[in-house]
Amino acid sequence: MLPHPSLKPLYDKLVWVYVYRDFSGSKPDRAAERILLRFGVSSWPQLFLADPNDWKILKHTGRTTESFLAAANAVSVRATPSDQMLERTRTGEELAVRLEERPTTKLAREALEHDDIVARSRALGVLASKDPKFVVKRAKALLEVPNDPFRYRVCDLLKDAADPSAARALEALVTKPIDSLNPNVMRIHAVDALGACGDVRSVRVIAPFAQSGEYFNGLTGKAVDALAAIGKRQKAARKEVRAALKAAYPHPPEEDDARARRACVALARRVHKALGEKRPFPQEYDEKARAKLVNS
Amino acid sequence: MGRMRVALLAALLAGTARAGSETPPAGPPWQRDLAEARQQALAEGKPLFLYFTKTY
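Keeping their order, the protein sequence lines are chains X and E.
Just so we're aligned, residue 1 is where the first sequence starts under my numbering, counting upward by one.
Just so we're aligned, residue 1 is where the second sequence starts under my numbering, counting upward by one.
Wrong hints could be hidden among the right ones.
List of simulated lysine to aspartate or glutamate pairs, EDC-like, C-alpha gap at most 20 Å [stated by the list, open to error]:
| # | chain 1 | residue 1 | chain 2 | residue 2 |
| --- | --- | --- | --- | --- |
| 1 | X | K59 | E | E22 |
| 2 | X | K8 | E | E44 |
| 3 | E | K46 | X | D83 |
| 4 | E | K54 | X | D29 |
| 5 | X | K246 | X | D286 |
| 6 | X | K106 | X | D131 |
| 7 | E | K46 | X | D12 |
| 8 | E | K46 | X | D131 |
| 9 | X | K56 | E | E22 |
| 10 | X | K56 | E | E36 |
| 11 | X | K13 | E | D33 |
| 12 | X | K176 | X | E144 |
| 13 | X | K137 | X | D156 |
| 14 | E | K54 | X | D12 |
| 15 | X | K27 | X | E100 |
| 16 | X | K27 | E | E44 |
| 17 | X | K239 | E | E44 |
| 18 | X | K13 | E | E22 |
| 19 | X | K56 | E | E44 |
| 20 | X | K232 | X | E277 |
Simulated from the structure, these hints should not be mistaken for lab results.
Note that the structure is a prediction, hence the values are computed from the model and not measured.
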């Protein structure tokens, strides 16, 4: 896409920021990481336009000249900056850097309550290892923070803590991953946590994802595993889990595609294992074999 | 045929190198410091364009 003559007129209409991570933990790498945390970026590459006033992502530009031009010509920014936002960012960045240099529990607890996402993210990183209970107690509010990597981390802590009080908040996140840049990955983390925290109500939320038949999507297998985990822990949920898992045997692909077949059989085997089936998995997994497994 | 393959491979490798390079693509006046970029964007009423990449 760059350099390109048709993008030249935009060189002066945008402020161009290049964010490169080498994961060395060096000062420039940590500064780049703070920009990622601010915008909730957790996959690469990402290209978007943002409002310098409130950091709001205005538009993803795509990676073609045409899509870039269309996005850049469609956005505008607010005329007056908010002093409150500027101050929030300044103090948040300062706090984040202090935490990088001196990661104490006391400072992290304070930073977790800050309004700036970078300070909160750094705090979460410290508390995840030093005081996870502090995070788990605040899980409901923290799962509403509109930042993907932040919420992934909260979900992972909830999974480890296996705290049933977080089940409803996790279900809400699975049902509607509001403000997520990557709803599928958000759901993977939340479903994984529900496997440890959820109950019979969670089964109804997870089941559609286990039964989607999308054997190329990591979420499908995670949903199957989560259902099995709930069934294992909760006697009251077993009947519902079993019914949900039976319906999760995927339909074999209609087209003659070896890769799709392999993925489909792998998912079917995962369901079979999750059900704790004693009968061997069929040699040939076709519609007839599937129907037999579902109706047995 | 052989030459075409080499050319295709070279183009592919060049694209890969750019995708995760520490050096930004040629052309625009890139910045690295978000605080400075924000200051400029606010002063000039412009949106920020952010390009996130990493070492692959």
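Evaluated hints:
no. : hint              : in the structure
1   : K59(X) x E22(E)   : violated, 24 Å
2   : K8(X) x E44(E)    : holds, 18 Å
3   : K46(E) x D83(X)   : holds, 17 Å
4   : K54(E) x D29(X)   : holds, 10 Å
5   : K246(X) x D286(X) : holds, 15 Å
6   : K106(X) x D131(X) : holds, 10 Å
7   : K46(E) x D12(X)   : holds, 9 Å
8   : K46(E) x D131(X)  : violated, 41 Å
9   : K56(X) x E22(E)   : violated, 26 Å
10  : K56(X) x E36(E)   : holds, 17 Å
11  : K13(X) x D33(E)   : holds, 18 Å
12  : K176(X) x E144(X) : holds, 11 Å
13  : K137(X) x D156(X) : holds, 14 Å
14  : K54(E) x D12(X)   : violated, 25 Å
15  : K27(X) x E100(X)  : holds, 10 Å
16  : K27(X) x E44(E)   : violated, 29 Å
17  : K239(X) x E44(E)  : violated, 63 Å
18  : K13(X) x E22(E)   : violated, 24 Å
19  : K56(X) x E44(E)   : holds, 17 Å
20  : K232(X) x E277(X) : holds, 14 Å
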